[in-house]
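Produce the complete structure using the sequences and hints provided.
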Amino acid sequence: QKEVEQDPGPLSVPEGAIVSLNCTYSNSAFQYFMWYRQYSRKGPELLMYTYSSGNKEDGRFTAQVDKSSKYISLFIRDSQPSDSATYLCAMSGGYSSASKIIFGSGTRLSIRP
Amino acid sequence: DVKVTQSSRYLVKRTGEKVFLECVQDMDHENMFWYRQDPGLGLRLIYFSYDVKMKEKGDIPEGYSVSREKKERFSLILESASTNQTSMYLCASSHPTNTEAFFGQGTRLTVV
Chain A
1 QKEVEQDPGP LSVPEGAIVS LNCTYSNSAF QYFMWYRQYS RKGPELLMYT
51 YSSGNKEDGR FTAQVDKSSK YISLFIRDSQ PSDSATYLCA MSGGYSSASK
101 IIFGSGTRLS IRP
Chain B
114 DVKVTQSSRY LVKRTGEKVF LECVQDMDHE NMFWYRQDPG LGLRLIYFSY
164 DVKMKEKGDI PEGYSVSREK KERFSLILES ASTNQTSMYL CASSHPTNTE
214 AFFGQGTRLT VV
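For the record, the sequence lines run as chains A and B.
Counted the way our numbering counts, the first sequence spans residues 1 to 113.
Counted the way our numbering counts, the second sequence spans residues 114 to 225.
Simulated from the structure, these hints should not be mistaken for lab results.
Since this is a predicted model, take the numbers as computed values, not measurements.
From the three backbone atoms N, C-alpha and C, an ideal C-beta is built for every residue, glycine too.
You may find that some hints are simply not true.
As the list claims (entries may be wrong) - Under the rule of at most 20 Å between Cα atoms (straight-line distance), these lysine to aspartate or glutamate pairs were calculated in the EDC-like manner:
1. Lys170/B - Glu3/A
2. Lys100/A - Glu143/B
3. Lys56/A - Glu45/A
4. Lys2/A - Glu143/B
5. Lys2/A - Asp151/B
6. Lys100/A - Glu169/B
7. Lys116/B - Glu143/B
Unchecked claim - Stretches of chain A that chain B covers, calculated by requiring three or more beta carbons in the stretch to come under 8 Å of a beta carbon on chain B:
8. 34-44
9. 104-113
Said to hold, decoys possible - Ranges of calculated distance between the beta carbons of each label pair, as one might list FRET restraints:
10. Lys131/B - Gly59/A: 41 to 49 Å
11. Ser110/A - Glu135/B: 33 to 41 Å
12. Ser26/A - Pro152/B: 17 to 25 Å
What follows is the structure in structure tokens.
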């Protein structure tokens, strides 16, 4: 079993829809949770990160972490064609020289105009 | 603006060649990482380093080595390139809290 599971998609939704992207994980030591966006032929760029459980909002994006269920989500409101990309979740145990950042395999999202 | 720079965007090498991929960061980060990204497999960690001259194996270190002689520079070495090492290689750096990793643009390596 992978430490982090993410549905690869592809996911196709019409412009303006609310998008929900999700990851599950198995390691209860994870404390920091991140979402990255990756456009084709580019490196991933950090969208949001959260510490422990709870919600965090940034514009049209909301990240949720439920540590009791080992489940994290990214919601995109009023989705735009420019949101079409691959979205990767990532997580780590935090401050430790041996702490690695573990990534999900990514969900490919397409927003139809 | 934070920056992680990889020396090449595209690289074509022959089987058996020794290949160097260079990565430089200007954020004074202690941690640096090398990943490869393949369709359907996501990002897989090859090696990471948490300090100068320190390195740890990731999930797929076979066929690779790394060098970190200076804090800002982390090199990935393919000792003898093989066709199954054709991939997108991504370098990243982070603060020791590992809250955020910043990525370079990637090097698409093709081994023929």
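Tested hints:
Distance restraint check for Lys170/B and Glu3/A: the Cα-Cα separation of roughly 17 Å lies within the 20 Å cut-off, and the hinted pair is therefore satisfied. Annotation: proposed proximity of Lys100/A to Glu143/B holds, straight-line Cα distance about 13 Å (limit 20 Å). Restraint check: the Cα-Cα separation between Lys56/A and Glu45/A comes to about 18 Å, which is no more than 20 Å; the hinted pair holds. Proximity of Lys2/A to Glu143/B is assessed by CA-CA distance (about 27 Å); at most 20 Å being required, the pair is judged violated.
Proximity of Lys2/A to Asp151/B is assessed by CA-CA distance (about 16 Å); at most 20 Å being required, the pair is judged to hold. Using a Cα cut-off of 20 Å, the hinted pair Lys100/A and Glu169/B holds, with the two alpha carbons roughly 10 Å apart. Taking the CA atoms of Lys116/B and Glu143/B, the gap is near 14 Å; set against the 20 Å cutoff, the hint holds. Coverage of the segment 34-44 of chain A by chain B holds. Counting CB-CB distances below 8 Å, 6 residues qualify, and the rule asks for three or more.
Remark: the segment 104-113 of chain A is confirmed as covered by chain B, as 3 of its residues place a Cβ nearer than 8 Å to a Cβ of that chain, reaching the required three. At roughly 46 Å, the beta carbons of Lys131/B and Gly59/A sit within the given window of 41 to 49 Å. Ser110/A and Glu135/B have their C-beta atoms about 34 Å apart, which keeps the hinted 33 to 41 Å range intact. Between Ser26/A and Pro152/B the beta carbons are some 24 Å apart, a value that agrees with the proposed interval 17 to 25 Å.
Checked against the numbered hints given earlier, this structure breaks only hint 4.
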